[in-house]
Amino acid sequence: MLSVRDSFFNEIFELTKKGNDILIVTPDLGAPSLDNFRKYFPEKFISVGIAEQNLISVSAGLSLSGKKVVVYGLNPFPITRAFDQIRCLLAEQKIPVTLCALNAGLCSAECGYTHMPIEDIGMMRTLSNIHTLNPSDTLMAQKMAREVISCDYPRYIRFDKAIQEILYQDCEIDFHLGFTTYGHPGRLCIITYGYFVFPIRQIVDQWLKKGVNIQLVDLFSLPVQEKRLIDIIEKSQQILTIEENVLPGGVGSYILELLSDFQIVRPVKRMGLKFPNGYYEVFTNRNYIQHEQKLDIESIETAIFKLIQRSIEMELVDE
Amino acid sequence: MKYGIKELEYKAYQYRKRFLELFTRLGFGHLTSAFSWAEIATVLYHEILDFAPSGQENIMFDKMVVSKGHGAGILFPIFEDFGFFTKEEMEGALQIGGSSKKIKQIYYPGFDFYGGSLGIGLGVACGLAKGAKLQSNPWKVYCLVGDAECYEGSIWEAAQFAGHQPLDNLIVIVDRNHLGCSDFTEHMLKLEPFVDKWISHNWNCQVIDGHDIKQIYQALMQAKHGQNSCPHCIIANTKKGQGLNYLIDQPLMHGYVPSGRDIERAYRCLIGIAEECT
Numbered sequence: 001m002l003s004v005r006d007s008f009f010n011e012i013f014e015l016t017k018k019g020n021d022i023l024i025v026t027p028d029l030g031a032p033s034l035d036n037f038r039k040y041f042p043e044k045f046i047s048v049g050i051a052e053q054n055l056i057s058v059s060a061g062l063s064l065s066g067k068k069v070v071v072y073g074l075n076p077f078p079i080t081r082a083f084d085q086i087r088c089l090l091a092e093q094k095i096p097v098t099l100c101a102l103n104a105g106l107c108s109a110e111c112g113y114t115h116m117p118i119e120d121i122g123m124m125r126t127l128s129n130i131h132t133l134n135p136s137d138t139l140m141a142q143k144m145a146r147e148v149i150s151c152d153y154p155r156y157i158r159f160d161k162a163i164q165e166i167l168y169q170d171c172e173i174d175f176h177l178g179f180t181t182y183g184h185p186g187r188l189c190i191i192t193y194g195y196f197v198f199p200i201r202q203i204v205d206q207w208l209k210k211g212v213n214i215q216l217v218d219l220f221s222l223p224v225q226e227k228r229l230i231d232i233i234e235k236s237q238q239i240l241t242i243e244e245n246v247l248p249g250g251v252g253s254y255i256l257e258l259l260s261d262f263q264i265v266r267p268v269k270r271m272g273l274k275f276p277n278g279y280y281e282v283f284t285n286r287n288y289i290q291h292e293q294k295l296d297i298e299s300i301e302t303a304i305f306k307l308i309q310r311s312i313e314m315e316l317v318d319e
Numbered sequence: 001m002k003y004g005i006k007e008l009e010y011k012a013y014q015y016r017k018r019f020l021e022l023f024t025r026l027g028f029g030h031l032t033s034a035f036s037w038a039e040i041a042t043v044l045y046h047e048i049l050d051f052a053p054s055g056q057e058n059i060m061f062d063k064m065v066v067s068k069g070h071g072a073g074i075l076f077p078i079f080e081d082f083g084f085f086t087k088e089e090m091e092g093a094l095q096i097g098g099s100s101k102k103i104k105q106i107y108y109p110g111f112d113f114y115g116g117s118l119g120i121g122l123g124v125a126c127g128l129a130k131g132a133k134l135q136s137n138p139w140k141v142y143c144l145v146g147d148a149e150c151y152e153g154s155i156w157e158a159a160q161f162a163g164h165q166p167l168d169n170l171i172v173i174v175d176r177n178h179l180g181c182s183d184f185t186e187h188m189l190k191l192e193p194f195v196d197k198w199i200s201h202n203w204n205c206q207v208i209d210g211h212d213i214k215q216i217y218q219a220l221m222q223a224k225h226g227q228n229s230c231p232h233c234i235i236a237n238t239k240k241g242q243g244l245n246y247l248i249d250q251p252l253m254h255g256y257v258p259s260g261r262d263i264e265r266a267y268r269c270l271i272g273i274a275e276e277c278t
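Taken in sequence, the protein lines are chains Z and V.
For the first sequence, the numbering used here assigns the number 1 to the initial residue and increments by one for each residue that follows.
For the second sequence, the numbering used here assigns the number 1 to the initial residue and increments by one for each residue that follows.
Simulated from the structure, these hints should not be mistaken for laboratory data.
A portion of the hints provided could be inaccurate.
Claimed, not checked - With a cut-off of at most 27 angstroms between alpha-carbon atoms, the simulated DSS-like pairs for lysine-lysine come out as follows: (1) V:K133 x V:K6; (2) V:K224 x V:K214; (3) Z:K227 x Z:K269; (4) V:K239 x Z:K94; (5) Z:K44 x Z:K18; (6) V:K102 x V:K87; (7) Z:K143 x Z:K94; (8) Z:K210 x Z:K227; (9) V:K17 x Z:K18; (10) Z:K39 x V:K133; (11) Z:K39 x Z:K161; (12) Z:K306 x Z:K161; (13) V:K197 x V:K239; (14) Z:K161 x Z:K17; (15) V:K101 x Z:K94; (16) Z:K94 x V:K102; (17) V:K197 x Z:K17; (18) Z:K209 x Z:K274; (19) V:K197 x V:K17; (20) V:K133 x Z:K44; (21) Z:K274 x Z:K294.
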C-alpha cells in the first residue's frame, strides 16, 4: 500500500513523464517514490542542502522564473525555520509553490519534540493566500499532485506516513470547498483531518448502524468555504474537534472562531495536544503521546460516547 | 556607455534630490540606505539592466532583486525619470493610503520583489538565476544586498548554493557602507575578511568604490560578460547617506528622513553649500 507521500510523488513522476515542467526542491531529503524521478529527471531535482530558509527563497525564485515548483522537506523545519520566508515570499507575494512536508503531527514523535510539527497549523493559518492541506487518503494526495500544474496560490501539504487508505472517489474531493462530510448531522459533528479521519469514520459507522445521527467533517483544507462549513456544523447539537496539534491556533480554535464570527452557539469539545509544562522528559512515540494526551482511539471513542449520551440526556430533560 | 560619467553623476544627484522631496513629504523612509547606492542604481538602470522600457513584464528581461529593501526608495525617482510613473502618480502612491496598484500591476525590475526582511532576497535571486539556466534563458539576475544584511545566515546558505551550482548569471552587489543600524559593522561584529568569505564560497569577487561611476560600470560590465563560471560578487565600498555630508559615518541614522528645519539643511547640503555640510 502506498502512503500519501508516495502517492503524491508517483503522480508527480507521471505528470513529469507526460512533459509537465515540474521541479522538486529539497533540503537533503529523499523518498523511495522519488528515486525514479531523480533517476530520469536529475536536472529537475534540486537539493539546497540542509538549509530551509534558502529552500523557500530559492523555490520562490524558481517559481517567479516560470517553473512549477514542489518543495519537499522534513517537518517542522521548512515551516518553523523558514517561516519568515514563507510569510514574506510565498504568502505575501502569492507565489504558487507547493510546499510538502513529510510527517504531520506526532508521526515522528520518537525523534523528540524537535521533529514534531504540532504548532504549524496555527502558524500557517495566520498567513494570507496560503492553503494548508492534510490529505486523508492517497487519492486525495494524488489529486493534490495534479493541482501543481494549475494552482495559482501557495499550498502547504502535510504528509502523514500512517495514512495508506483510499476513502474517497475523485468527485468527492472539492479543493474549493475544502472539506468532506460523512454520516448524518444530528447529535454530534466531529471535525478532524488527516490521520484521524479513517479510524473515526469507523466509529461513526458504528453509531450510524445504531441509528444515531452523527457526522464527520474531514477538514482537509484550511481555509475552507466558511459559510458552507457553518451550514453543515450548525445542523448538529454538539461539536467535537480532534487534532494532533497544540490546541492554541489549531482546528478546534478555528472552529471556535468561526462559531463566534457567525454568532452560532454550540457546545464544543476540543481534543488536542496540551503541553502546559513543556515536553515529556521520557522517550516517547506516537502511541505513547496519544495515550498520555487522551488522543488514542479508545479515549476518542469514550469522548464520543459521552457526548452522545449527554445529547440524549439533554433531550430527555427537555421532554 | 550610453551616458557620460558626468551625466550619470548628475542623474544620481537628481535622484537624491527627488528622493528628498518625495520622502520628506511622506515623513518616512530610509534616506541613508537609499543614498548609499544611488550611483550603483543609476549605472544599473541606465547602463546595465536589460528591461522593457514600457515597464511591461517579459520573462526574457534581466531581473533585479533589492534584498536590502529599505534601500528601494531610490528606485521611485529612477522609474519616474524613465517615465514609468508620472509626477502625480508617484506622489499619489507615496502617501498614507496611496495606492500601490500600479506598482503591483506593471513590471518594474527591482519592484517585483518585496524586500525588507533581510537575508531572503539573495536566495530568491538564486532561484531566478537557476530558473534562467534551466530554461536556457539569457537574462541575468542582479541582487543588491547590504553589508550588515550579510550577518543573516540565509545569505550564506544562498551563497553556498550559488557557488555550487554554479550560477554565473547571478551578479550580487554588496552595498558595503560599513554601517548597520546601531553601529559600525567591524565594531559590532566583524565581517572581514569579507572578500575571502565570498571567494571561499566559490564566487568571483571584486572590490570597488561604490560611488565612482566608472568603477561601478566597469565592474558590472565585467561581471555581466564574465566567462569564469562563477557567480559574481561586487563589494562596493560606499558611505551610508552619501550626498549629505553631515550623515557620513554617523551610526543611528538608519531610518533617517529630515524633518522641520533639517529639510532645508539637507537640500543646502545636497546642492553643495559648504557650510551646511558639516
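To see whether the hints hold, each was checked on the structure:
Simply put, K133 (chain V) and K6 (chain V) have alpha-carbon atoms about 36 angstroms apart, too far for the 27 angstroms limit, and the pair is violated. For a cut-off of 27 angstroms, the pair hint linking K224 (chain V) to K214 (chain V) stands: about 15 angstroms separates their Cα positions. A threshold of 27 angstroms between alpha carbons decides the hint, and for K227 (chain Z) with K269 (chain Z) the separation of about 21 angstroms falls inside it, so the pair holds. This hinted pair does not check out: K239 (chain V) and K94 (chain Z) have alpha carbons roughly 35 angstroms apart, beyond 27 angstroms.
Taken as a hint, the K44 (chain Z) and K18 (chain Z) pair is honoured in the structure, with Cα atoms around 14 angstroms apart against an allowance of 27 angstroms. For a cut-off of 27 angstroms, the pair hint linking K102 (chain V) to K87 (chain V) stands: about 13 angstroms separates their Cα positions. The straight-line distance between the Cα atoms of K143 (chain Z) and K94 (chain Z) is roughly 21 angstroms, inside the 27 angstroms bound, and the hint therefore holds. A distance of roughly 30 angstroms separates the Cα atoms of K210 (chain Z) and K227 (chain Z); the hinted pair therefore is violated under the 27 angstroms criterion.
At most 27 angstroms may separate the alpha-carbon atoms for a hinted pair to count; K17 (chain V) and K18 (chain Z) exceed this at roughly 56 angstroms. Restraint check for K39 (chain Z) and K133 (chain V): the C-alpha separation of about 20 angstroms stays at or below 27 angstroms, so the hint holds. Straight-line distance between C-alpha atoms of K39 (chain Z) and K161 (chain Z) comes to about 23 angstroms, which keeps the hinted pair within the 27 angstroms bound. Of the supplied pair hints, the one linking K306 (chain Z) and K161 (chain Z) is violated, its CA atoms being roughly 31 angstroms apart against a limit of 27 angstroms.
Proximity of K197 (chain V) to K239 (chain V) is assessed by CA-CA distance (about 22 angstroms); at most 27 angstroms being required, the pair is judged to hold. Our distance criterion of 27 angstroms between C-alpha atoms is met by K161 (chain Z) and K17 (chain Z), whose separation comes to about 25 angstroms. Between the alpha carbons of K101 (chain V) and K94 (chain Z) the distance comes to roughly 15 angstroms, so the proposed pair stays at or under 27 angstroms and holds. Distance check on the hinted pair: K94 (chain Z) and K102 (chain V) sit about 17 angstroms apart at the alpha-carbon level, within 27 angstroms; holds.
Straight-line distance between C-alpha atoms of K197 (chain V) and K17 (chain Z) comes to about 41 angstroms, which puts the hinted pair past the 27 angstroms bound. For the hint linking K209 (chain Z) to K274 (chain Z), the alpha-carbon distance of about 33 angstroms lies beyond 27 angstroms, and the restraint is violated. With a C-alpha separation of about 36 angstroms, the suggested pairing of K197 (chain V) with K17 (chain V) is violated against the 27 angstroms cut-off. Straight-line distance between C-alpha atoms of K133 (chain V) and K44 (chain Z) comes to about 12 angstroms, which keeps the hinted pair within the 27 angstroms bound.
At most 27 angstroms may separate the alpha-carbon atoms for a hinted pair to count; K274 (chain Z) and K294 (chain Z) meet this at roughly 10 angstroms.
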